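S.K.: Spelled out, the chains give:
Number of protein chains: 2
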Amino acid sequence: MKECFKHHPWQIIEEGFNPHYNKIAESVFSLGNGRMGQRANFEEAYSGETLQGSYVAGVYYPDKTRVGWWKNGYPEYFAKVLNAPSWIGIKFNIAGQSLDLAQCRVDEFKRILDMQTGLLSRSFKATLPDGKQVHVHAQRFCSMAKDEIGAIRYAITPVNFSDSVTITIDVDADVQNMDSNYDEKFWDEVSKSAVEGECIVTAQTKKTFFHVATGMRYRIVQGGDELKASVKTLLREKYAGNEVTVNFTAGKEIVIYKYAAVLSSENHPKEKIAEHCRQVLDDAMATGYDQLYADHVKVWEHKWNECDITIDGDVAAQQGIRFNIFQLSQTYTGEDERLNIGPKGFTGEKYGGSTYWDTEAYCLPFYLGTAEQKVARNLLVYRYKHLAKAIENGKKLGFTDGAALYPMVTINGEECHNEWEITFEEIHRNGAIAYAIYDYIRYTGDQEYLVEYGLEVLIGISRFWAQRVNWSDDKKKYVMLGVTGPNEYENNVNNNWYTNYIATWTLQYTREALDYVRGKNPSAFQLLLDRIQFSDKEAQVWKHITENMYFPQDSSRGIFLQQDGFLDKQLMKVTDLRPEDRPLNQKWSWDRILRSCFIKQADVLQGLYFFEDQFDIDTVKRNFDFYEPMTVHESSLSPCVHSILAAKLGYEEKAYEMYLRTARLDLDDYNNDTEDGCHITSMAGTWLSVIKGFAGMRLKNGELHFNPFIPRQWKSYSFRIEFRQRVLKIKVTGSRMEALLVSGEPLTIHFKGTSHTLNENQVIEQPL
Amino acid sequence: MKECFKHHPWQIIEEGFNPHYNKIAESVFSLGNGRMGQRANFEEAYSGETLQGSYVAGVYYPDKTRVGWWKNGYPEYFAKVLNAPSWIGIKFNIAGQSLDLAQCRVDEFKRILDMQTGLLSRSFKATLPDGKQVHVHAQRFCSMAKDEIGAIRYAITPVNFSDSVTITIDVDADVQNMDSNYDEKFWDEVSKSAVEGECIVTAQTKKTFFHVATGMRYRIVQGGDELKASVKTLLREKYAGNEVTVNFTAGKEIVIYKYAAVLSSENHPKEKIAEHCRQVLDDAMATGYDQLYADHVKVWEHKWNECDITIDGDVAAQQGIRFNIFQLSQTYTGEDERLNIGPKGFTGEKYGGSTYWDTEAYCLPFYLGTAEQKVARNLLVYRYKHLAKAIENGKKLGFTDGAALYPMVTINGEECHNEWEITFEEIHRNGAIAYAIYDYIRYTGDQEYLVEYGLEVLIGISRFWAQRVNWSDDKKKYVMLGVTGPNEYENNVNNNWYTNYIATWTLQYTREALDYVRGKNPSAFQLLLDRIQFSDKEAQVWKHITENMYFPQDSSRGIFLQQDGFLDKQLMKVTDLRPEDRPLNQKWSWDRILRSCFIKQADVLQGLYFFEDQFDIDTVKRNFDFYEPMTVHESSLSPCVHSILAAKLGYEEKAYEMYLRTARLDLDDYNNDTEDGCHITSMAGTWLSVIKGFAGMRLKNGELHFNPFIPRQWKSYSFRIEFRQRVLKIKVTGSRMEALLVSGEPLTIHFKGTSHTLNENQVIEQPL
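For the protein sequence lines, the chains are A and B, in the order given. Add 4 to a position in the first sequence, counting from 1, and you land on the number used in this note's numbering. Add 4 to a position in the second sequence, counting from 1, and you land on the number used in this note's numbering.
Be aware that one or more of the hints could be misleading.
Any copy, or any two copies together, can satisfy a pair, since identical chains are not distinguished.
Claimed, not checked - Under the rule of at most 25 Å between Cα atoms (straight-line distance), these lysine-lysine pairs were calculated in the DSS-like manner:
id : residue 1 : residue 2
1  : K625      : K541
2  : K480      : K236
3  : K400      : K577
4  : K75       : K399
5  : K68       : K719
6  : K658      : K210
7  : K354      : K75
8  : K75       : K211
9  : K114      : K274
10 : K68       : K189
11 : K577      : K479
Calculated directly from the structure, the hints in this document are not laboratory data. Computed from a prediction, not measured in an experiment: that's the story for all the values here.
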């Protein structure tokens, strides 16, 4: 854990120039707008430690798989988030010296990310090797209002000199991924142009042939007037720039406004993309920086209005939760059903892919609770559109007749991951995709989704489960062999309770969905069944499996067993571990981790979280008490589930402890890996910890229930919830809870079992 | 299965030029002498498909590990067999055309490996693009008598032209490994020299800094006289040659004698290695080709005398067994205790490393039965010398107090392998190393070995087992979790019966060894105990483990279970598989293989083979009948064990079927991979199938027992056995068995339970 940044309710503040954690700061201060994103790299040249990162949503590269020992069934490539052409460059040559903070004395360095307005500011005083000083105030944002535009306001003042200075303002597609498997560059040039004041480079990805046009225009202003400059155009392979020579006068500020446009062939015809790029640039120039910014702020205002959580009395916690919400909102806006939520969002390239089971298991509830219904719906449709690929993936592994296995990691629906124990065995992801359909419908009431998309996905997944189990003559039950559960610190186990449970649940839910669609829309039902050659015999088999599935348990302890062999392990507690053994994944050899009892992330408990209605509180308690002390939470996805269950069980201190582990994970670099990017998907877990944990929000029979408590460290907290065309505001203080129906039809909610029906603008309150 | 080669009792014969299986032939026709080896690459230039391979025993390169996903504990490199400088090159330029069989019409091509004399011959008629024809007879051998010398006799006759021809005779260290992880070259130049008639290149391996001096001298003779030639010396980076221009006269044969010397810094001081190389070359020139060859043949004569097996009535079987014995004898002579038996010997670079558990489990009995005692002893001492590294390896994985885990694959004692389920979990290899000590002592009676080396190794291994098991509160037994047994088609299983058994056996045997050494040599005993800080408490723990180990079994079937979850699998037979599903490892995804019941190689049966005295015949039969039908034998190490057990159980057809799978594996390219090299270590299994299988040889209380049968396809078979300073010859025909004591003190042997005491030169016989 590090304390790199100041605590503040709305801002992330870095004070002083700290090259040794520059990469951490670059991640934390990243900007995005759902369409494009940018790490907090400097506009100037920088020869110090940095991870350059510009990203364009949906644009990826299939990097050839690298393994030590090939296993049959591995995918041929790993689809990677691409480091895209850079649009931020504003480089200075002052008397033969590059303005490069790694080569200067740097004073008064300050970097601020204002989360309320989505603005990154940076200021510093740099002393060049020859003693010349400049004072810089730079600001930038990725417009939330016009999501193909980025804008920079770069103000520079020569403190102690007057001289002619050369400024290079450019777009650069000659960029590389740090995690390229074979050190290749992934971009080829398509076209480029550079005229005075405008440069555009169109580049295409190798193999996937995405085109991205990156353009820029700029203005240089002094005292409100356009500054006179001599301009030289620069054109190199995959690069276009303007070299602008201007006169610096001591004490006189010069302001550079740089407008960038980033367009992808996902949204524009390739043959028109450069032309469209020019139009976007024209629009940006015409609108101007201040107006662009005002429009951008307005969108943020609306976002925060939708999804802010306020915490009174604990600035670190307030900053933490806002940071999580801010990053989630930057990463995925839900407007494009082709997109999804990458594990690092627009903050880094690690892990590649864009879609893990994180989306369904962690992110979906966040978007359900904070955005219009279509946002969550688009996340489901995304998987619907990948169904054919999931069936193909199943086929590749030997499954037949339309059995769908969704990939562990994907961008375009094809599997990317290449580690057999995960790729082929961590199949519970399939269950999470089915569960998300249930979760979405439960929350929204949008049963129609089943007819349109849901049932077909459920059938594909159920077909997979039915083939993946086998009858054990020995147990006289169905078993599921060779799986990896959510706890990746066990591999290739038999009868992972969670996987067996979610598989059985899927089979059952699919049968219910069949009945629903059959009744609701018989003709659509029949069309679907014919198309996918579904026969009712399949559902009969599913019924048999549901009724005869094996679930490992320990009846003496009254707990479910994570897998068949769990009780043969030496049962220890995390508190028995020496500090120098943590984190286990960096200190212990893999086999030692595997045969230890220590759990990376919620596994049985993940099931009890998903399906809590099906278990009494004592069962949850017994399992929590057994598994929690063995859980090391070395996955960012783990603490939130424990926090929610702890809250449910009244373990308030534990709930708060787990909350803290998730809320400030990246801000305080808990896992020593923020430099690679932020843990975007697990950020939704922070939100869940508050809403489902502290506030105890649950949905029962289509109505919202709250069973809140407040951590003793806090004075109050409040949040807003979107629910079935209503907006609800909840506030919890040390002594009472209150609800306001901000908008929408009258709504019945339940506070600790007491029902209240609210009308619009009505507030109700109740003692805690 | 392919039929590339003609059947012949002593020769491998390829007729006709078949570029599409040239790489297979290059493997099969490989030559070696325990010190150096050479694939059957052509002396001339060849632009067709080829895998160039020259090898020098003990010289390796640590290639940086390549993995998809790093796991803690992986080794940083994989020590690889190196493709060493080439000494065979004799290249012709005839009227501006290269003599390159890929560019010529080739007639009368014939390649013969004479196994009796270790000579590779090749003849062909080549028509160059311009119509010029040459007739070539080439021969070469790697001298078994002087193991740093290779010799070539290359006779070429211009058929239809006379012209001046340029011949390049060279040594070339600018060579590469095909399996380099990062496409690096592994050799750097140290020095080189080229004068008329002699070239020497000294190269060193990167990182490991082995020096290898490769030199050559030559004579060119026509009609018995030295041919006049003009010579130009060639020197390039890592290369030295002579460009010799001679006059070819139509119909007149020219013979080139090329003598090569290959010296390694393992045997020569680096600063003298080039000088020593020159001396070896001088010696070779002085001795001359014919005498070198005569000396070489004499050693082979002696070898065959020691270890030949004759089979009458089945030429394919005769050729097969001799090919196996020939390759084993070329690979390892046992004269250097630093060396071991690589999986591909000197026939290819695949799999790297030089030492797998194959050595102890398969090869040791071959060398015990066919060579002087010191040869097998050196194989054991090799592991003794790696004990410190094995302890270090254990430490790396979290074991303490001198616990030794021998590597899965090694050259210098360090682990090379990087696949967690094997590297960290296929730990039964440790048991095979302990078993080999027992096996060696049982066969030789050399109990003294325990005092000198054996006990210390046994203690290291036992310490590992004692830490690797854990007490299961649930089972009230010791269990061993997370292992991979010999059947690599199951991974990370619990309580692999074989591993549990050999671990428990090791603990027991080590305790017996402690008692023996304590009684035999108390002072050496105490010294050892002090040095390795052994306390008797450890042995007490071992006793407790031995007495309380858990062994999975199915009492209703009366069988041992391969692992805890085996009976949950869907039990099928290999005969249930569709032909298009075979081999499984090329057709099924890895997870499907893992959760199937199909077995790659003997696992429970491997234990019943090692420890047969501890199980009654019915137990062996029940287990064989259960597991054999599920075994796909997709490891070359599998069929021999099944063959031996089948023979024991009287399943004669099965024993013969399994024998055939091993004997002609490479000759007929059963597994479609001979082009990568031959399966050297499994060749010992072929020998075992005959000796322990068909002839039923066993050792009981220090005496040899035979319980032979003869496959109905054969008329007779015979073999020689070295046993405690005696040489015994056994012959089995359709009606009788006979034994001759070739040399040594009187010996009591048992034929089907009947005892015979033989004196030297005495023959006894008995009806079958």
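S.K.: If a hint holds in the structure, say so; if it does not, say that too.
M.R.: Verification of the hints:
1. K625 with K541: neither (39 Å within a copy, 42 Å between copies)
2. K480 with K236: neither (80 Å within a copy, 82 Å between copies)
3. K400 with K577: Between copies, since 23 Å is at most 25 Å while 41 Å is not.
4. K75 with K399: within (16 Å within a copy, 29 Å between copies)
5. K68 with K719: neither (53 Å within a copy, 56 Å between copies)
6. K658 with K210: neither (49 Å within a copy, 55 Å between copies)
7. K354 with K75: both (23 Å within a copy, 17 Å between copies)
8. K75 with K211: within (24 Å within a copy, 30 Å between copies)
9. K114 with K274: neither (41 Å within a copy, 60 Å between copies)
10. K68 with K189: both (12 Å within a copy, 23 Å between copies)
11. K577 with K479: between (31 Å within a copy, 20 Å between copies)
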